[in-house]
Amino acid sequence: MQRRLPVCLALPCAFLVSSCANTHLTQHPGLASSRPPASPSAPAAPAVSVVLYPRKLKFNAPATGFLGSHRSAYAMRGRLNTVLKEFPAFALEREGVSAPYRLVIEATQSIDGNKSLSTLCGMSKYLIPCREEHQIVMDAVLTRGGQSPKTYEATGSYRVRKHLLWLLVPFKWHRDVPSRTAMDAFRDILIQAERDVAP
Amino acid sequence: MLPRSGWVSLALAVLVCGCAPSMREIRKHPQQARLEALLTEVLPHTRYPDKHYWIRVAEVPKGKEGLGSYAQRHIYLAESVVKEADDDILRALIVHGVAHHRMHHFNQRGMAGFVQQAAFKAGGQFVPGLSNAHHIGGPVTEQLIGPRQEGGADRKTLEYLEEMGRPPEDFARALEFLAERNLAERVGGTASSPAGLKSRAQRIRKRAPAGETAAP
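Quick note, the sequences are listed as chains A and B, same order.
Be aware that the first sequence starts at 1, since it is given in our numbering, and climbs by one per residue.
Be aware that the second sequence starts at 200, since it is given in our numbering, and climbs by one per residue.
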């Protein structure tokens with residue numbers, strides 16, 4: 001029983017630190033930071049219906065984990081919902097609601113790094129350290145019946161360092177970095193589309 | 200420190216995860232629009248035409264795969280295949296990729312892997328090192344499930360082609376096209392060898408009535 005105790009402690013700790021020590025790296029085109037706050041006057045009906053197709057790539061291949069990929073897609077939808085509140089002209093596409101424009105966003109979250117080292121890191125409960133770079137790439141197409149489609153692109157990236165010792169330095173976790181990076185990428189896409197939609 | 204069985208499964212897991220070849224998608228390939236147009240022809244004949252598929256041209260570092268179907272509705276076609284194949288062959292390959300996804304082959308594999316992983320994790324509480332054995336057990340299970348799924352996907356492909364008014368010969372030609380270039384079909388962690396592709400093409404020709412094998 002005494003031998004089991006460290007493993008039982010290490011497992012929850014590993015879950016706790018699995019996404020900590022995040023560092024924001026890049027954001028392109030980075031329009032979100034220069035955008036003025038949203039105007040309070042909201043239009044009666046949204047002009048653009050937004051469709052999101054999220055996916056997760058791990059080491060250049062689609063992630064196979066059944067729960068992991070669904071969790072990632074769910075998180076991405078939540079981030080888009082949060083960002084859409086700042087853009088009254090945009091709304092998620094629903095049945096029965098028609099908007100003149102349609103914006104299809106393909107959101108890709110890809111994880112790069114050393115696959116073997118990352119596997120070892122997970123198997124050793126984060127005793128073996130590893131580093132992963134997460135890229136968020138958004139490709140969007142704005143269409144309107146009869147008009148040629150317009151395409152937009154936004155990217156963001158951050159680094160995740162995994163090791164059990166990060167548990168001791170909570171000020172380095174920066175747990176909001178993944179969602180902030182994705183939300184800024186969404187904002188970049190919507191700002192670009194907003195310029196083309198505006199009369 | 201890890202017990203001896205733990206180190207053994209760790210070493211085997213590293214070997215297994217290092218062996219799986221991957222197709223790397225090419226962003227904004229010039230032929231991307233052509234593939235999407237072919238996919239658009241297929242989707243109205245499926246049960247859920249609004250489903251989104253990630254169809255991409257892929258570079259194959261080891262040059263062994265021609266068609267890849269992966270989780271999250273991904274269909275990859277090797278760059279060499281896209282450059283050399285005509286529309287009929289590409290359409291048949293895309294239909295086959297869609298058939299794998301429509302038959303929920305990845306959900307079946309994922310569920311089998313999940314149950315197995317849970318069982319190994321539970322067993323690991325009693326046998327040291329067993330909790331990591333799913334890294335080996337997962338690929339083995341996929342190898343057992345894979346061939347049965349191929350037969351089902353082949354039948355579904357022929358159904359879709361019939362609905363689209365295309366002859367079964369297109370699919371037989373597509374499989375032979377891959378086999379002649381020594382390319383394999385990869386579905387998740389399993390791959391069909393060129394010899395296997397040839398025998399599947401022969402089976403399709405035998406199954407199809409004589410009048411249906413000729414292109415219209």
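None of these hints come from the bench; they were simulated from the model.
Do not take every clue at face value.
What the hints assert, rightly or not - No farther apart than 30 Å at their CA atoms in a straight line, the calculated lysine-lysine pairs in the DSS-like style are these:
# : chain 1 : residue 1 : chain 2 : residue 2
1 : B       : Lys320    : A       : Lys58
2 : B       : Lys282    : B       : Lys250
3 : B       : Lys405    : A       : Lys58
To be verified - Computed footprint of chain B on chain A; a stretch qualifies when at least three of its residues, placed anywhere within it, have a C-beta under 8 Å from a C-beta of chain B:
# : region
4 : 49 to 58
5 : 174 to 186
Cβ atoms here follow ideal geometry from the backbone N, Cα and C, with glycine treated the same way.
Right, here's what the structure says about each hint:
1. Lys320(B) with Lys58(A): With Cα atoms ~23 Å apart, Lys320(B) and Lys58(A) stay inside 30 Å; holds.
2. Lys282(B) with Lys250(B): Holds - the C-alpha atoms of Lys250(B) and Lys282(B) are around 27 Å apart, at most 30 Å.
3. Lys405(B) with Lys58(A): Violated, because 41 Å separates the two Cα atoms, which is more than 30 Å.
4. 49 to 58: holds (count 3)
5. 174 to 186: Per the Cβ count (0), the hint is violated.
Checked against the numbered hints above, the structure violates hints 3 and 5; every other hint is satisfied.
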